[in-house]
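Hey, can you work out the whole structure from these sequences and the hints?
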Amino acid sequence: MTQVMSNRMNELREVVAEVLEVEPEEITETSHFVDDHDADSLRAIEILARLEKLYKIEIPQTELPKMENLRAVYDVVKQYAGWQD
Amino acid sequence: MTWYPVVEVVRDGERLAVHRGPGSGPALVLAHGLEDSWHTWQPFVDALRGDLPFTPYALDLPWRAGAKYAWVHHTGPADLLRHALTLLPEPPALLVGHSFGANAVLELLADADRPRLEAAVLLAPYFRPPDDPIDWRLFDRELARFRAVIGEGVRLKLGDRRRTLDEDLVDSMVAKTLDRVGPLGFVALLRQFITTTDLDLDTVPVPTLVVSGATDAALAGPRTEAFRRAMPAATVHTRADGGHFCHLEQAAAVTTEIRQFLAALPAPTVA
Numbered sequence: 001m002t003q004v005m006s007n008r009m010n011e012l013r014e015v016v017a018e019v020l021e022v023e024p025e026e027i028t029e030t031s032h033f034v035d036d037h038d039a040d041s042l043r044a045i046e047i048l049a050r051l052e053k054l055y056k057i058e059i060p061q062t063e064l065p066k067m068e069n070l071r072a073v074y075d076v077v078k079q080y081a082g083w084q085d
Numbered sequence: 001m002t003w004y005p006v007v008e009v010v011r012d013g014e015r016l017a018v019h020r021g022p023g024s025g026p027a028l029v030l031a032h033g034l035e036d037s038w039h040t041w042q043p044f045v046d047a048l049r050g051d052l053p054f055t056p057y058a059l060d061l062p063w064r065a066g067a068k069y070a071w072v073h074h075t076g077p078a079d080l081l082r083h084a085l086t087l088l089p090e091p092p093a094l095l096v097g098h099s100f101g102a103n104a105v106l107e108l109l110a111d112a113d114r115p116r117l118e119a120a121v122l123l124a125p126y127f128r129p130p131d132d133p134i135d136w137r138l139f140d141r142e143l144a145r146f147r148a149v150i151g152e153g154v155r156l157k158l159g160d161r162r163r164t165l166d167e168d169l170v171d172s173m174v175a176k177t178l179d180r181v182g183p184l185g186f187v188a189l190l191r192q193f194i195t196t197t198d199l200d201l202d203t204v205p206v207p208t209l210v211v212s213g214a215t216d217a218a219l220a221g222p223r224t225e226a227f228r229r230a231m232p233a234a235t236v237h238t239r240a241d242g243g244h245f246c247h248l249e250q251a252a253a254v255t256t257e258i259r260q261f262l263a264a265l266p267a268p269t270v271a
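Chains as they are written, first to last, in this note's numbering: chain A, 1 to 85; chain B, 1 to 271.
These are calculated hints, taken from the structure and not from any lab test. Computed from a prediction, not measured in an experiment: that's the story for all the values here. Certain hints may be false.
To be verified - Here are a few chain A residues that face chain B, going by a calculated C-beta distance under 10 Å:
| # | residue |
| --- | --- |
| 1 | GLU46 |
| 2 | LEU48 |
| 3 | ARG50 |
| 4 | ILE57 |
| 5 | LEU64 |
| 6 | PRO65 |
| 7 | GLU68 |
Using N, Cα and C, we set each Cβ at its ideal position, and we do this for glycine too.
Next comes the structure, spelled out in structure tokens:
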């Protein structure tokens, strides 16, 4: 993982941790938001809305079911933000 | 003792589940509203309990938050609710519904093949009076109401967290939620609303308490009186300062009304 990727992953981790009200280090790339962190559909929507605002992008809500862990969130944001890493 | 899952099935591609809460006594069964969750009932049940003997069962229905609403193409909320009731480990004594869930209960009550119940409680149901024509004004009005209620629900569910969020972020969350529900969710609600006029509500023998809020367009104004005329078995309480979610925002007052209603039933078992 490049430094840029690592920085972006950590930024996403901070956002997710704030929404799920857990410590950032509790969220691994593959820990499941619902099964491991008690997320519900409203928290998932809040994550989506915060990411849109932070990166000034628009992510269709149809991507929500995919965004079940940090790695998947990274991949979705990368696609819509046009990250090249 | 906490809530725990009793049963979960998939019927025609739709997931139905039952969760049991703490308590013992006759079965009190709860049907949530559209884009809501079975979890919504936990504080309500805590407020209702007191010394009432009942076993709470919260249904998890295919109009939960995040639902796909594919069932709209081949079935309706009353059939789904009827099937969910067959999953219970004991017969329901009292059936409680909120909003879309309340209207699913209402449809079941109006059916000649209704379940045997001691009583029903409808929280914030909606009703179309016979003189309210099905035209584009109705469509626009109900779509606006639908959008407003979804927004009210999102804000309510955020609870104390709402104070920490920018209002534009909350607006964005509401917009995302409406996107996710999509037209099918609205179609389900619109069809249910329109057909309330045609239900055989005057044949319902089950004592039914209806609690609605005066600021909730679902059953406000002339709809209240029209509903009273249509359903003589219903006792309608309109809370002057209540909205669509008054059973959560004013849980103590609403559950007191329910307890008084149950206590006044002839030979009640849930009272």
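What are the numbers of the hints the structure violates, in ascending order? Checked against the structure, the hints that fail are numbers 4, 7, while the rest are satisfied.
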